[in-house]
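Could you build all of it, start to finish, from the sequences and the hints given here?
Okay, here's what each chain looks like letter by letter:
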Amino acid sequence: MIKLFITFVFSILILSCTSTAFAMGGGKSEFQAFDTPNDSGKSITLRWPSSPGESDHVEYVVYASTTKNGPFETEALRIKSNDMYEEGSDSSYHLAVVETDKLFNKEASDNGSSIEYFFKLVKVSNLDSTSIGVIASATPKGNWFNSSRLNNFIILIIFSILTLCCIKHAKKVPGLFIRKIKGLDAIDDALGRATEMGKPALFVHGLNDMDSISTIAAINILGRIALRVAEYDTPLKVSNIYPIVLSVSQEVVKESYLEAGRPDAYVEDNVFLAASEQFPYVVALSGIMTREKPAANFFVGYFYAESLILSETGAATGAIQIAATDAFTQLPFFITTCDYTLMGEELYAASAYLSREPLLLGSLRAQDIIKGVLIGVIIFGAILATCGVDFISSIFRPG
Amino acid sequence: MEKLLKIDRRIIFIFVALAVTIPLLFRFKMSVPPTRHVISMYDKIDSLSKDSHVLISFDYDPSSKEELQPMARALLHHCFKKDIKVIGMTLYPAGTGLADKAITEIGDEYGKRSGIDYVFLGFKAGSSLVILNMGEDIYTAFQKDFYGKKTAGMKALKGVSSLRDIDYAVNLTAGGIYEAWIVYGREKYNFDLGVGCTAVMGPEMYPFIQAKQLMGFLGGLKGAAEYETLVGHKDRAAAGMAPQSVVHVLVVCFILFGNFIYFTTGRKK
Amino acid sequence: MIKKTDISIMTWILIAFGIINIILLATGKLGFNAKGIGIITAVAITLAMYSFLYKDNPVFKIAENLFVGVAMGYSLIIIWFNILKPDVFEALIVPMFKDTEIGPQYSVIVPTLLGFFMFLRFSTKLSWLSRWSFAFIVGMGSGIAIPNFINAILLRQLEPMFAPLYTGSFWGTVNTILVLVGVVSVLFYFFFSMEHKGAIGGVSVVGVWFLMIAFGASFGYTVMARMSLLIGRMQFLLKDWLGIIQ
Amino acid sequence: MNFFKRTIPMIIAFVMGLLMAFQYYVPHESSQNLLKVVTRWGMIISGFAMFIGAYSLFHMHWNRIRQKVSGWGYSIFVFIGAGITIIFGLLNGGEFFWNDKQAGTMFDWIFDNVQVPAGATIFSILAFFMASAAYRTFRARNKEATILLIAAIIVMLGRVPIGTMISQYIPVVADWIMSVPNLAAKRAILIGVSIGVIATSIKIIFGIERAYLGGGD
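Protein chains in written order, with my numbering: chain A, 1 to 399; chain B, 1001 to 1269; chain C, 2001 to 2246; chain D, 3001 to 3217.
Not everything, but these chain C residues come out facing chain A in the computed CB check (under 8 Å):
1) 2188
2) 2191
3) 2196
No wet-lab data here; the hints were simulated from the structure.
Please read these numbers as outputs of a predicted model, since none were measured by experiment.
Glycine residues also receive a C-beta, built at the ideal position from the N, C-alpha and C atoms.
Structural data, given as structure tokens:
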């Protein structure tokens, strides 16, 4: 299956290279017209050599026609003669693209796209107009592969194969290595302190529903916290904003108590729906924090502007606070108000670390490999570019 | 000393209210020298010829109105002053009312008429899908404008068939939609894009500016004030710079004072 | 739970609000028309929202719930006028029953059907049909996202990284090197397949510094943003309502 | 039945994903037309999807009222607000909803004078909490937070006119922070997040990630 796929990919790549190799033509020193490569078939590219006396006051005008003998009355292009030089030709060639579907009225272009267009180049100065170059013609046609996007396509293929392989690998080899996430130790410390003080711990879900990656990660972390809490015999309160997140959280907490061998200690009302909107959620939680003074607060998931009020109220009650969010705009406030903060992708990594799910571990590994490659590419690319070699930058040129 | 930290937060609230109100009442003069990113947006619009097309996407709702509405108004003043045709649209349902109000009010000031000198296309759902669809064909994305007039053949849209034909697009954004405009709009259909954003999003723009994916950017009320200065039409944003300065100083003093007490009284564990 | 002092504060504020408005209307500063009444309504809503700063109270809760309702109602009506009416009702349904210039656009049937399937999410028996619509939207979105993100973010953001480090000036060179170090070290910080010890640990610490400076910048800008919102509201109260400032 | 509930959605996601990904590499006109048609369909479906949010909101508040949850009375105001707005929207200034939208109706008045002030004010409340947090909680509690706060103070002063009055170097340093360290970190975050987006998209197309389909069988 994979072999077949790879053969297919390569055949496309080879085909696409051959078709464009001819398009750019050699350095014939005359006025040329050819189908623009990598387009939808609605334009023609014109190329002609520079001539002496090009300046701001001299213009090139190109007239177009659908028959070889003219009349050449439709103006297709008018540029200053010292403009639009071909890139990399050292100003010795001009290159311009003419959109053919805008040249003539509908009837002409409705006859299908396979009409041949004829172009006549005229050089105009203030004094006289001289026709230079001969008439050139070309037929626009649509292309089936944009070869300037070849590198993009290869990255797509590599990325896909890598992701699929890593997930498959993670399923086969349980316990793929992930570095220790410091924040996870902090969670245990905070729970230990809550137990010492005999006060509850509060787990606050973010404001996204169950379909968001942040919330899924939050559920995995909740499972771990609930397990510890069940062992330590500390009450745990979990606040939600969405009914689905609520029922999933209840399930997870219940299971953790079961796993710890203390199903009797599970109180369903401790996992509750605090509110349904942003500000009421803040108000409800601030009330709980000031009334019950939990010893440890966990803010896990995706947060918006409410993060500041929540963590400020929590800090005022003297609780140990740990935040984990991938909302980068809110991170500054968590960092300055909480004792420990898991930033961005650390949240996903922590969730993969705790859940040990091959799907999470595998895709995390795939992303790590890509990141590693990019780090190498960036360093080598910059060094080579400093030495004047643009090998890497030409491979990664956007199409 | 530690008691000072435990004062009622409502006393702090009063300080903030005063820091904002007093400079507004006494109208301190503050010069707002324009910065380079604002100038590059101004220069871009200023370089456009009469009857060019500028697309403004009003992607915000009332919650960011105080930052982005002044920006929108300053931009519209500039465009209408230069007889540029404005195409307005929004990807937020609650953006319609704000956008419509800004375009109509300022259009009236310059005697511009809807459908001829400007058009407000209204709202469509699907953010990135709307941008892609407009990139292929503006008339399938918006078959009617906000008031139900047919867009095909409209004078304000003459010569525009897709996003490729737009001379400059400005995305006024309150959230992550600017990324969709860059990824699915600017990079796919190759038009010049500028972004005006709430200050919260401001720092996110720098990688895009350096990679030349954005041409010009206005950040928050400060950006709006600079643009108002450049257009020569000082309004609410410019007037807001004095209280903005005072309240920033107040917040900095709060942070320094709070930390000073925190360290002198010994960090509590 | 509502204390007597709170009630008396509330009453006094209401009386003051009433008197100010009567004066404004009587002196003609606010017209007795849709605009004038509108400003008074808006001020009432604004003050109700700010009452939260004193403490959470029923007035704030009423204003907030009213706002949630109005916002939802507004969105629904806008969706009708901007999407359903032009793209479904007038494109498909009206031409089926009435002679119009253009015939019905039958291709609209597919998304309309898929759109209606979405509502089946709330039914117990047919909720599986809603999955077709979600699969369509999410699958399409994912497919479009991959190549566009590779192009617009990965390739385009790598491009400036391949500039020569030596830019001609001393500070320019220092800055280019700093950007390179910053990007690499932050990427390293978010690299989970290796223990952060030794050299890698050192690089990731540098990454944390860069992250913290960047978060500091975001912090400053967010303070700026929130204060701007407050300034805007104060301008509304002092200028549009009281007319104290010009 | 499992075929309709599980297999067909996965086939749809797979086919649509692959088709749209490959569409990017094909410049031919037929591929452009495909993109045009499919995105238009997506726009219309997204329009319908917005009603789902409305349904959940109303459903939840209706349940609060029905079950007489504490504070259920406030939920009535959600229905009052929505009801009045929808009625005036449908009335459309006497032209009714099947005609084109009219300008300056009561519907617009409600937007201008209820939704705009309420929406704008509710987030400006955060300005006050920001200041109080600055005073009471933003602490340089470790090395990281210290770096963060120093950068924040420089940027805060450097971005307003008063910064220049204190010292002409503050805006220069602020500008440097924004365009060197901030740029570097934000670029790395951007690259990391985009890799995540691409990986998630790949998992969705190949049917590995199915959270978006909701739970159940």
